[in-house]
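Taken in order, these protein sequences are the chains called Y and D. The first sequence lines up with residues 1 to 252 when you count with the numbering used here. The second sequence lines up with residues 1 to 286 when you count with the numbering used here.
Be careful, since some hints might not be right.
Claimed, not checked - Subject to a maximum C-alpha distance of 27 Å in a straight line, what follows is the list of computed DSS-like cross-link-like pairs (lysine-lysine):
{"hint": "1", "chain 1": "D", "residue 1": "K25", "chain 2": "Y", "residue 2": "K131"}
{"hint": "2", "chain 1": "D", "residue 1": "K224", "chain 2": "Y", "residue 2": "K131"}
{"hint": "3", "chain 1": "Y", "residue 1": "K131", "chain 2": "Y", "residue 2": "K49"}
These are calculated hints, taken from the structure and not from any lab test.
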Amino acid sequence: MSISPLICLILNVILLISFMEQMLTAAVNDAVAGEEKEKFLVFSKETLKRPGVILRLSSIVVCLLAIILSAALPMVAIEYASYSSSTTFSADRAARFPQELISGWNALFGGDYFSYYLKSKYGPELLYTTKAQFNGISLGILIFAFVMAIFAFFVTFSKRLEKYSKVVTLGYFIGGLGMLCSPIWFMVSNSFGNSSAVSTADLTHYFLYDSLYVHDAYGAIVSCLVFVLAAILFAVGTSREMAGGDDRGGEN
Amino acid sequence: MKKSGLFVLLLAPLVLISCGVNTAKSVSSLTDFLSASDVASLKIAATSVKTATGSSSAGQTSSSTSQAAVSSTSSSSETTSSHSANLYANEDFVITNGTDNYIGFSKAYGSINQYFLINASKKTGFVTNDATTLDEKRAATKALLSKDYSDLAAVYDLMKTYVGKSAKDFENMTSLSLTMSVNGDVAGYTLLTTTKENEKSIETRYYLTLDRFDSGWAFTNYSKRVTTTSKTSKGATVDYAVAEYTVSVVSAYSSFSLSLSAYSLYLKDAGAKDVTFTDGIPLTAK
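For reference, chain Y alone in the conformation it holds in the complex (with noise of 0.2 Å):
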């Protein structure tokens, strides 16, 4: 037996060996990439019967329903009320002001007409009318909101989003506590509101607000109620799926 041949041959074992190394490792590493992606997202009937995720995906249709809420509500109430001797708003006009609700719908695109009273310095109580401009907070709130709810999907179905549990709960507060403060996005788009302000040179900065009393109108507290319900059955939920094992790979 020559050396050549035995040369060859353990060339060849050693490039096989080679071979099935880099394959078993590719099986594994392909393996181990599979296992991951199957766990990222997992549906099955068993997994929609645990309780958890029922709340989970609940949450997420109140907090579409909330959405859609803070959208057809009247979420802004503009009254009037003296809050002080120092007030020089005519008492009598502004217990004559019926209350006047701006609906969600106006207090986020705009483009419908309110009214408040400009008080000038010199004495007219004026009822102006203006159109309502387009609320980019507001908006951006429920935009949030949303995008919380698709999150949530998310979370409830991949154990590796299951650490961010708290944050979609803690979205849902947040959109809640924003749409609560839509009076103060409303006056800050619309631009008035501002505490008095009388400068005579600058005629946009000319009236009085002393008594101008913009509060939440009950869709706004409607809203943020749903908001929170959603934050609990979501927070609940994540409670139970942590009890009651987690277990998304599918075996349950």
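Here the structure of chain Y is known, so what remains is to put chain D in place on it, guided by the hints.
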């Protein structure tokens, strides 16, 4: 049952959205203008008109502003561009019109009426039993009340000429907005226009407010603001002019009261020798 419940749930927000609709809108036709009462059918108790003009440029601001209270005795330099008139029960009146600052009223002592006319600027006045003595100033007061209200009616008519038109219908006008709203027994009309001519921009704002009374709608508050912004080589200059009206309409005139301690009074066309007290003793004999 479940489907109908779901339908109601989905429909509820759409139903509730109608609750948020307010009465404010853009004026699209003449029917959007309320029928305002004319001056003859109203009891106008008071009007007050104040004007302010000024300018600002390069951060430097100067202004001349008129400020006068209805019955105050402000310095004459501050009242040159303001006036006010008040009418009370028994046709008592107060008129403050720069040169004319008068208070006229009557007092009944048993079956005798005495008439007082006080020059509020000079803090002097007289007493007389001649009712016609007050007629001239009273007529001036009524005329001023009527004129001020008519001024607002003219503004109302001016607004009507903008109905159905856009900025394109006017020369150099870049924006035009005519809006109105009704909140309970108050209505407000707002007309905003902007015209641009070379380096000059003129923004004109009219605010007119009406209140509903027993006899109908009446003009009660008005403000006109004209802001002219001129661009020069040194920067921008802003000139502004403000005219503001307040009108008080009542269902019944209130009675007038005044403390005479601040005024010096004399008997018109009579002296101390002509005065006799109720016990028959003449004043000069006391």
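Now for the hints, and whether the structure bears them out:
1. K25(D) with K131(Y): Since the Cα atoms of K25(D) and K131(Y) sit roughly 8 Å apart, the hinted pair holds (cutoff 27 Å).
2. K224(D) with K131(Y): Distance of about 20 Å is within 27 Å: holds.
3. K131(Y) with K49(Y): 50 Å, violated
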